[in-house]
Amino acid sequence: MSEPPGAVTLAEVPAADTPSEKLTAQRVQPLRRPGRWIATAVVLVLVAQFVHGLVSNPFYQWDRFGYWFLRPVILDGLLITLEVTAYSAVLGLLGGILLALARLSKSPVLRAVSWTYVWALRSIPLIVVLLFLYNFSALYQTLSVGVPFGPAFFTFDESRLATDMVIAVVGLSLNEAAYAAEVVRGGILSVDQGQHEAAAALGLPKGYQFRRIVFPQALRSIVPNYVNQLIGLVKSTSLVFYVSLLDLFGTAQTMGATYPGDIVSLLLVVTVWYLILTSLVSVVQFYVERYYARGATRSLPPTPLQQLRTGLADLRARIRREAAV
Amino acid sequence: MTAETLKADVPAEVVPAAVEVHDVHKWYGAHRVLDGVSLTVRPGEVTVILGPSGSGKSTLLRVINHLEKPEIGHVSVNGEPIGVRRHGGRLREVSERTILSQRSRIGFVFQNFNLFPHLTVLDNVAAAPVATGRLTKPQAQDLARELLGRVGLADKAGAYPRQLSGGQQQRVAIARALALRPGVILFDEPTSALDPELVGEVLAVIKDLATSGTTLVIVTHEVGFAREVADKVVFLDGGRIVEQGPPHEVLDKPRHERTRDFLSKVL
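As they're listed, the protein sequences go chains A and B. At position 212 of the first sequence (counting the first as 1) the number is 212 in UniProt numbering, and the numbers step up by one without a gap. At position 257 of the second sequence (counting the first as 1) the number is 257 in UniProt numbering, and the numbers step up by one without a gap.
So here's chain B without its partners, still in its complex pose (with noise of 0.2 Å):
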């Protein structure tokens, strides 16, 4: 079964997709990570996406934000391209401050955290909606204290985040992420840098994440999360989607000999 038959699977919507990825290929030098992948992400789903390393999972999520260009292929969030735009039936790069704009509607979490260190914990959460000029000083800090709240972390606002432990810092990290008030939240293997009794804790803050109805792309090693939290599971190998379906169906009954001897090897 190829990836192209699987996305005829999926119902076409009338409201856009959260995500949408479009026969996204692309290449480091002559390695090629991603190979024609296409996804939909329906707003208000949670989608894992599981893979061995260097199946090109981190290289997907980083395309829907435009970290990484893709060589061919486009994504939207939203129904909005992201990147590019269609000028007579081709894709043309946007503006740098278009992308910038675009990103700071999808929000990003990464496994190192990339707190800024030199920033209190309160300042890295209420710095980008007065960088992007959405909140006045005083609006964005009353934000952060209330998201910060959120995460369990309303006391360590005048804190740097080299004070805390990683799995704070991941906290704070997804509080900063929701301070811009995302369409969806992209998760970068957000407990791998964790020391094992802190996964838990971040964990729990991407459950309450997912029940609340926001749209998450998690890359994650953790398949019993998965199991809990996701409504579809993508399993990546060698820069393809091998398969995609709930939980039930792809974790406890694999239709792919790749996806059965990676489950039984992180299982």
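Just chain A, same shape as in the assembly (with noise of 0.2 Å):
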């Protein structure tokens, strides 16, 4: 309250809920936007403009891009682009579950051993990860699981094991599972300290309070982060290409070194492909996430179906009430 001692006390304000009849029958005139207006034309220009270059420009080439397209060697490139993202996803989203669960542990050794973890792999650049991994064999020519200093239990020979593809998603893997981990624990502290107790009043069982209770509504907070780390994944196997493993985008870039002059036409191909790829996780994430909300909200998010038919009706109740005014 900002007035001064001594203001207007309320018996003296006149009364103000008796509008004056004149008034209350009048519909309201929105209020005029010229700005709003103005600003809409300036962008639909440019659009048209943008639209207009992208059709028109003959360096394009739109007829070599219908060529590229689909041809069986950029989709072999888009398959390795999906097996590597596939892999990665899932074994990055495992360690980081597993690196979020050691963060989060009492043992201060797992706590240590994750957080440095995910700050080496997070400063480290992928490609620079790729690469190690990629000279790896040279450095050690067997990998072998046994005691520290001690005997070896088992003895692997790297160069049979470590084909093109597994470095590939043995690197993107360990990177993925650095950011992955940092997703789960903000989703598993996103969930209420209430929820955890009640668990345990319960007496639920250890794994039981955490797969059931705890990681299922921790996964609504997880699967917005995690789908966006998703969609950077999908573009970061696009350096596989350095570990000379041929996908989508290393494909492109090999017949554009057999065909220079379609480079351009080439790298359009790799750019529409990779808008699919993203906008197909993009759909997909949506479902999930109207999975996930199930008891978070009253009413379940609508699907796009569902918005447009009631986008729909509004428009027509409407146009109805402007035609009965």
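The hints are simulated quantities; they were obtained by calculation from the structure and are not laboratory data. None of the hints are false.
Below, simulated SDA-like cross-link-like pairs (lysine to any residue); rule was C-alpha separation at most 20 Å, straight line: (1) 206/A - 68/B; (2) 137/B - 212/A; (3) 265/B - 225/B; (4) 235/A - 263/A; (5) 69/B - 200/A; (6) 137/B - 208/A; (7) 253/B - 224/B; (8) 235/A - 166/A; (9) 156/B - 145/B; (10) 106/A - 215/A; (11) 206/A - 132/B; (12) 206/A - 98/B; (13) 207/B - 246/B; (14) 206/A - 194/A; (15) 106/A - 67/B; (16) 265/B - 224/B; (17) 206/A - 119/B; (18) 207/B - 195/B; (19) 207/B - 45/B; (20) 156/B - 296/A; (21) 69/B - 240/B; (22) 206/A - 96/B; (23) 206/A - 102/B; (24) 206/A - 95/B; (25) 206/A - 67/B; (26) 106/A - 99/B.
Given the structure is predicted, the values throughout are model-derived calculations rather than measurements.
Given two chains presented individually in distinct reference frames, assemble the corresponding complex, making use of the accompanying hints.
Pasting the structure below:
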């Protein structure tokens, strides 16, 4: 209350809630917003120019784009991209969950190891990790599982184990796990303390508490963040070209070297494929998020189709109302 | 009068006490929350714990099911020490698994319900008996339906907790606690988070449990309710039991100045 003492008291205020008869029946005129109209017009002109340039500039060679878009060699590359992404996404998430649990554990050793891993892998550029792994077989000819400084139980011949695909997936997963760890940890921390307490008070077994009570609720915040991460991953797979794995981007690069005239159309092919992949991930995200929203909101968010329907219904109602006045 | 002499008033029983708190001390850092609390709750008895905020009521309740570990002393439920075992005259902490299995025999109802929001009402109630391996899923669901009927929510089995009112959620939480057929149920301010008009429906369910002979320990501010259902009222202040006894003594003829002071404020 900002009125100074001695300001008009309530009793002296003229009765404000008896509107004059004239005003009550009239419709309210919406405020005019000329600035918004001008901005809209400017943006539309810019968009039109951009589209016109895209279509009319011969430099893009849309016919060559059509030639390359569904070539088997490009589709093979696309398949490699999908494979690398899928493996790394799953392994990265699993690694991330383990790292997050270690980070949240009561053991200072586990916490320190997890923190150091995340710190190191987030600091090293992915391309460096990949090239390290690529040259790994030169550093260590064999990998063995056993007691440190003691006897080995299993020994792998690394040159046979480490195909280009394995190097790519391991490199991306190591990198992905570091980011996923933070996403998962944030998700677990976002679950209300009362949920942990209720699960403990009911005497639910530890594993059940995590799998059925805490993690499903954490997923609500993990899913959008991890999908963001996943979209980054889809594009990061283009780096596997440097460990001689021919993914979508790598194939386009190689083809471009053979057909220098088609470089721009090949880059357009790659761009459109990445756009399609990202869109697919976003669609999956919407439905996964909707699934995990059960119980969190009183009613589920509408699907795009439902939104369209209600939007059309609203429009119809508005037109009818306008017509009536 | 000290808590020690009061304890001597309680006659020794041959049957083990439903809840026995033995000289419990609890600190949060340097702050002493419980300062030598001893309490006996006999089977079938309804005990109401009253006290100003910060007096240690909720902590005492949470010590009983070992959500909080006491630094000194221990609690027994139906003669079994909770969270500790005697080993050569000393108390040792037991494994997490053992504590969890002990907790599954003690019901706990929270102030903020803490229902699992991602599970339906039916699954909230049926989850624990299945997870602890006592019942098969269909058996647990039958039991859950029966218990939901008992708290008057048979028609809400398929709803999610957030679709219910606070009073309904708390009744589901009571059904969830009952599903483990606990020997004793602890209520931590079960009506404090509710709109005034919803308090009655929750108290009615608790009263129904009280008259059916279930052992209850209730932390509440509802003095009228305490008078109605309690066999024993315990008044806690500054982490100590100031006085305890039947409601007509503690509530109507309080012997201690602090009890009188508290009652004059809440009544």
